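Chains as they are written, first to last, in the working numbering: chain A, 43 to 349; chain B, 43 to 349.
Hints may contain errors.
Identical chains share a label here; the pair holds if one copy fits it or two copies do between them.
[Claimed, not checked] List of simulated lysine-lysine pairs, DSBU-like, C-alpha gap at most 35 angstroms:
{"hint": "1", "residue 1": "K88", "residue 2": "K332"}
{"hint": "2", "residue 1": "K140", "residue 2": "K88"}
{"hint": "3", "residue 1": "K347", "residue 2": "K88"}
{"hint": "4", "residue 1": "K195", "residue 2": "K70"}
{"hint": "5", "residue 1": "K54", "residue 2": "K84"}
{"hint": "6", "residue 1": "K54", "residue 2": "K332"}
{"hint": "7", "residue 1": "K81", "residue 2": "K56"}
{"hint": "8", "residue 1": "K347", "residue 2": "K54"}
{"hint": "9", "residue 1": "K195", "residue 2": "K297"}
{"hint": "10", "residue 1": "K86", "residue 2": "K195"}
Hints listed in this document are in silico derivations from the structure and should not be mistaken for laboratory results. Computed from a prediction, not measured in an experiment: that's the story for all the values here.
2 protein chains.
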Amino acid sequence: MNFADKLNKAIKEKNSVVCVGLDPRLNKIPSFIQESALKENKDKFKAAAAAILEFNSGIIDAVCDLVPVVKPQVAFYEIFGEEGMRAYRQTIEYAHSKGLIVIADVKRNDIGSTAEAYADSYMGTVDVFGEETSVFDADAVTITPYLGWDGIKPFAEKCAEYNKGIFILVKTSNPSSGDLQDLVMNDGRSVYEIMGMLVESWGAEDIGESGYNPIGAVVGATYPDQAARLRELMPNTIFLVPGYGAQGGGAQDVKPCFNKDGLGAIVNSSRDIIFAYENSIDYKEEDYAKAARAAVVAMNNDINKVR
Amino acid sequence: MNFADKLNKAIKEKNSVVCVGLDPRLNKIPSFIQESALKENKDKFKAAAAAILEFNSGIIDAVCDLVPVVKPQVAFYEIFGEEGMRAYRQTIEYAHSKGLIVIADVKRNDIGSTAEAYADSYMGTVDVFGEETSVFDADAVTITPYLGWDGIKPFAEKCAEYNKGIFILVKTSNPSSGDLQDLVMNDGRSVYEIMGMLVESWGAEDIGESGYNPIGAVVGATYPDQAARLRELMPNTIFLVPGYGAQGGGAQDVKPCFNKDGLGAIVNSSRDIIFAYENSIDYKEEDYAKAARAAVVAMNNDINKVR
């Protein structure tokens, strides 16, 4: 079963295409978690890592039966150095123990042996003095394509070898994504269309039983017209869709990302779920996990209506 | 003094534009270092990190009076999880203690608060329970521009705030770099030319006394014609030039990267320096640092002839 089949199976089982972004920010983590982490750890970096892991575990427990997949953004862990990276690894482990698929949002990109090192770190195994060990044992990673196929191939090979997936940035959700992605070529195609066609072709050899391949694309909810065009160009590619919620995308904006089978996209939300308690009158800080669960239920309903 | 001034001062003092790439691979580290690390550390990841730090320290000691700058590639540290990231942080610290400028080769790229988190991690300070602390305290980082200005701005702001630098991928050294970078627009310009002009404009407000700005560009030695074109388009931008040596570029290939003042570029070499002992009949494994020093002397001579 390739990564796409595995993901689609989980989507059907849970009737959800929601991806919960685990992007913890220390100063937004409920104070009771911060305080208990500081009490138990003298070292402030260790305390930060402990607070993050405790917070994430609460979110994971609250949403693991409702969604197929979570996506921890590594920047919010790396910021606490090696202790943060330990929390990143342990978050992936904990999510797996609760049956969730994990996308490591790392946007790595490099060539040759360097890209192989990244792929081994996040998708494969690493030789540590003769012992083959997994390190950050994710199911998929996000990749940036500026370097061309040389920067994709080492990751694509791991997809085949270990049944893992990648999501390549194609049309991103941010306001200035057009600086490069919307440039129009001399043949009339835009950079994002060309990238989309390349990504579709790179995955063409490994289409699974569910009709999709393990080489996915990142396509922002904030550009529904471009998403519709990419859906046309990339029938067998799964879209990872950021930009829903906090960034302004609604259910109607993500609709074009789906195929007629109701599959073909997962929609990410981070802040609006994990920090839902902040804007809620129904939930106190202590109930941050319950607030996250309620936000996921609402998001599942909202998106299932349009796919 | 902005980052460009600081770098150019070091280049003049040492009469060198060589950047030593600290890209350790555990299985290529001399066995006496591996064995001693294993003896002193039960945990294999800790032992791998100790071996890397010991190896790097030897290289740094041997080259610190000969070159202005080193560039550790994070993939080769991240591969050993949190212990590897500890070695990354400590390598940066050790290089600083020996007076070297450090470019963190991380090719990070994201938007908004996520990019800010990366910038804080590598170029600024992080608030850890109210304490402002630097984490990976580099002088500059490498950045990938697929996301447009939103993905550059948070890093560019740190350049101004902390006198740090960034190097943005423009034309990379790998064979398939043209997949995206060489696409030609409807106005006749290629993607790498457009990116080059954008990078030059992003740095235009902060040109230092030495005539350069802290927003640099990555321009591969393997494409000298494109480098010459970019030199023309980007008079005030410093190029970080990979591709010399192992990837096939020679001194004549890097020549177009320099301005008439003999500045404007630093040339990276990794394997050919740090693992010079492997291909040497003059040096044994124990003398890996001496072999690295000899390789740097030769590279300095080779490149100083053409600039």
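Treating 35 angstroms as the Cα threshold, decide for K54 and K332: within, between, both or neither.
Within. Shortest intra-copy distance 24 angstroms satisfies the 35 angstroms Cα cut-off; inter-copy 61 angstroms does not.
Identical-chain pair category, K81 with K56, by Cα at 35 angstroms:
neither (38 angstroms within a copy, 49 angstroms between copies)
Between the shortest in-copy and the shortest cross-copy C-alpha distance, which are at most 35 angstroms for K54 and K84: within, between, both, or neither?
neither (45 angstroms within a copy, 45 angstroms between copies)
Taking 35 angstroms as the upper bound on the Cα-Cα distance, should K88 and K332 be classified as within, between, both, or neither?
Within. Shortest intra-copy distance 26 angstroms satisfies the 35 angstroms Cα cut-off; inter-copy 39 angstroms does not.
One pair to classify: K140 and K88, alpha carbons no more than 35 angstroms apart. Within, between, both, or neither?
Classified as both; 24 angstroms inside a copy, 28 angstroms across copies.
Taking 35 angstroms as the upper bound on the Cα-Cα distance, should K195 and K297 be classified as within, between, both, or neither?
both (31 angstroms within a copy, 31 angstroms between copies)
Pop the pair K347 and K54 into one bin, within, between, both or neither, using alpha-carbon distances up to 35 angstroms.
Within one copy only: 15 angstroms inside, 65 angstroms across.
Give the relationship of K347 and K88 under a CA distance limit of 35 angstroms: within one copy only, between copies only, both, or neither.
neither (43 angstroms within a copy, 50 angstroms between copies)
Using 35 angstroms as the alpha carbon limit, work out where K195 and K70 are close: within a copy, between copies, both or neither.
between (38 angstroms within a copy, 24 angstroms between copies)
Checking K86 and K195: alpha-carbon separation at most 35 angstroms within a copy, between copies, both or neither?
Intra 40 angstroms, inter 29 angstroms, cutoff 35 angstroms: inter-copy only.
Against the hints set out earlier in the document, violations occur for numbers 3, 5, 7.
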